[in-house]
Structures are given as structure tokens and as C-alpha cells.
Amino acid sequence: MIHDFIVLKSEVLIPDIFYKKGYASDGILISLCVKGTVQVAVNIQNKQMLQNDLLVVMPQSVITVKDADKGSLFFCLMFRFDTISELILPSDYRFLNTLTQHPILALTLEETQMYIRYFELLKSNKEQAHSIFHDSILKYLLFSLIGQINVFYAQKEETLTNASRKDLVIFNFFNLAHQHYMNKRSVQFYADKLKLTPKYLTTLIRQRTGKSISIIITELVIIKAKSYLSASDLPVYEIAERLNFTDASQFCRYFKKYTNSSPLIYRKSTL
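Here our numbering = 1-based position in the sequence shown + 22.
Please note that a few of the clues may not be correct.
Stated by the list, open to error - Have a look at the derived ranges for each label pair, beta carbon to beta carbon:
| no. | residue 1 | residue 2 | range |
| --- | --- | --- | --- |
| 1 | Ser47 | Gln123 | 16 to 24 angstroms |
| 2 | Thr219 | Arg264 | 29 to 37 angstroms |
| 3 | Arg228 | Asp91 | 45 to 53 angstroms |
| 4 | Glu263 | Leu190 | 28 to 36 angstroms |
| 5 | Arg187 | Tyr162 | 16 to 24 angstroms |
| 6 | His156 | Leu293 | 45 to 53 angstroms |
Unchecked claim - Derived BS3-like pairs (lysine-lysine); straight-line CA-CA distance at most 30 angstroms:
| no. | residue 1 | residue 2 |
| --- | --- | --- |
| 7 | Lys161 | Lys217 |
| 8 | Lys161 | Lys215 |
| 9 | Lys88 | Lys69 |
| 10 | Lys69 | Lys92 |
| 11 | Lys248 | Lys290 |
Please keep in mind that the hints were generated in silico from the structure rather than gathered at the bench.
The structure displayed is predicted, hence computed values, not measured ones.
We treat Cβ as the ideally placed atom computed from N, Cα and C, and that holds for glycine.
Modelling step: build the complete structure from the supplied sequences, incorporating the hints.
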């Protein structure tokens with residue numbers, strides 16, 4: 023279940039294996055800066071990561087590492103999104119959006135030490151796979167760490183309630199949305215995957231988030247589009263193709279409808 027889980031110490035913020043093994047498209051990267059500094063752009067956020075900064079990269083994110091100190095050190099975890107499909111947190115569906123919009127977080131010294139303890143536990147257990155309990159140990163250590171990262175992000179715990187069956191549906195919807203939003207934008211697709219009627223899924227998502235499914239998907243697409251425009255030199259027609267639009271004109275109309283700006287004007291504004 024957790025055989026695709028990677029734990030490593032790296033001299034670079036984004037290890038090559040993140041791309042070579044396909045984690046960039048369907049996985050999550052958690053990387054703590056232990057030593058050095060690095061200039062990085064993730065989606066539409068630009069920041070100089072310092073010691074004790076934590077980076078959480080969701081599937082399909084656009085990442086550009088612009089400059090890094092020699093001798094830098096990062097403690098990295100990589101795993102497939104499906105690995106956490108059984109994880110239910112009271113704030114889970116909000117938390118996925120938080121990670122997408124705010125991928126970099128400055129940890130306190132105490133929080134950094136806690137992350138490192140989890141990292142070392144995961145690393146040592148990963149390297150000593152000799153027990154029938156091995157997968158369970160790794161899974162629950164990882165689940166525990168993700169719960170702790172929720173705490174790092176200072177979720178408003180007083181507003182949270184215990185997870186219900188409906189929370190599970192919502193979490194699984196967001197799980198699917200973050201994996202497939204570039205190619206699948208119909209309610210029917212997500213309803214079929216979750217074995218629900220489109221009407222029930224639409225109603226549930228709106229009740230719990232205050233947003234329609236189409237708006238949630240649109241927000242993800244726009245973040246991705248802005249990331250391509252600001253962090254790459256890709257021509258507009260290629261961005262349109264990557265985001266599964268029929269042509270550049272359709273993409274431009276879509277982008278302007280939701281941002282009140284054309285792609286090229288937006289790109290110029292970020293230079």
C-alpha cells in the first residue's frame with residue numbers, strides 16, 4: 023500500500039526522483055529546509071525559503087527553483103496522493119485548499135524538531151522492512167505527520183467537528199479534483215468515481231464549502247494557468263493544450279472570464 027513512499031535527505035529542494043517517478047503529476051512532496059536558502063516559485067507564490075521553512079507541493083503544481091545555496095540540505099518525503107485516501111481529518115477538505123494556496127510555511131524551532139523526529143522515524147522504518155507490520159507503521163506515522171502539519175498551519179480547531187461519512191465524501195472529492203482537474207471538469211466524472219448521483223454530490227459540496235463543483239475546479243485551473251504564465255515561458259497555445267482546452271482562443275476566453283485579464287496581460291503584470 024505504501025511501497026511508493028520515499029524518504030530521503032537531499033542537497034536540492036526538489037529531488038530528481040520527484041519528476042522521474044511521476045510524483046509531480048499524482049504525488050505529494052514535503053520538503054523541509056534544514057540548511058541553506060533557496061529561491062523558489064510554487065504556483066503563483068514566490069519566496070526565498072530559509073532554514074526551517076516547510077514546502078508542501080500538491081499534484082500538478084508548477085515549481086521553479088531559481089537559486090539555491092551550495093551545501094543546502096532538505097529532508098524530503100514523497101508519496102502518491104492515493105496513499106492518504108484513508109486519512110480523514112476534521113479540516114481535510116479545507117486543508118487541501120490551504121496547501122494549494124499557501125505551499126510554504128515558516129516553522130518554529132519546536133515544529134522543525136518535531137518534523138525531523140517524524141522524518142527520522144519514517145526513514146528508519148522504511149529502511150528496515152522486515153515485519154508484517156511494516157506498511158501499517160509507515161502509514162500511521164505518515165498520517166500522524168500530516169495531522170501535525172495541520173496543526174503547524176494553525177487551523178481554527180474550535181470550528182472543527184469529528185469527521186463524518188459526508189466528510190469522507192468531501193475529502194475523496196477533493197482528492198480526485200486535485201488529481202484530475204486538468205482533464206476532467208464535469209460533475210458526472212466525479213460523481214461516477216464516488217458512486218454518487220451528480221445532484222447529491224453537487225448539493226453536498228455546496229452545503230459544506232459554499233461553492234459549486236465547477237467553481238472549485240475553475241479555481242484549481244486558474245491557479246495552474248497563472249503558474250504557467252508567471253513561472254514559465256510556455257506560449258499560450260501550449261498552456262491551453264496542457265490544460266486540455268480545445269485551442270488557445272477557448273483558453274483565453276476562459277481565463278479572462280474568471281480573472282478579468284487576458285493571459286498575455288497577466289503574464290506582463292508578473293514580470
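Hints, one by one, checked against the model:
1. Ser47 - Gln123: 16 to 24 angstroms: With a Cβ separation near 20 angstroms, Ser47 and Gln123 satisfy 16 to 24 angstroms, so the hint holds.
2. Thr219 - Arg264: 29 to 37 angstroms: holds, 31 angstroms
3. Arg228 - Asp91: 45 to 53 angstroms: holds, 47 angstroms
4. Glu263 - Leu190: 28 to 36 angstroms: For Leu190 against Glu263, whose Cβ atoms are near 35 angstroms apart, the range 28 to 36 angstroms holds.
5. Arg187 - Tyr162: 16 to 24 angstroms: holds, 22 angstroms
6. His156 - Leu293: 45 to 53 angstroms: holds, 50 angstroms
7. Lys161 - Lys217: holds, 26 angstroms
8. Lys161 - Lys215: holds, 24 angstroms
9. Lys88 - Lys69: holds, 10 angstroms
10. Lys69 - Lys92: It holds: about 18 angstroms lies between the C-alpha atoms, which stays within 30 angstroms.
11. Lys248 - Lys290: holds, 12 angstroms
Hint check: no violations occur; every hint is consistent with the structure.
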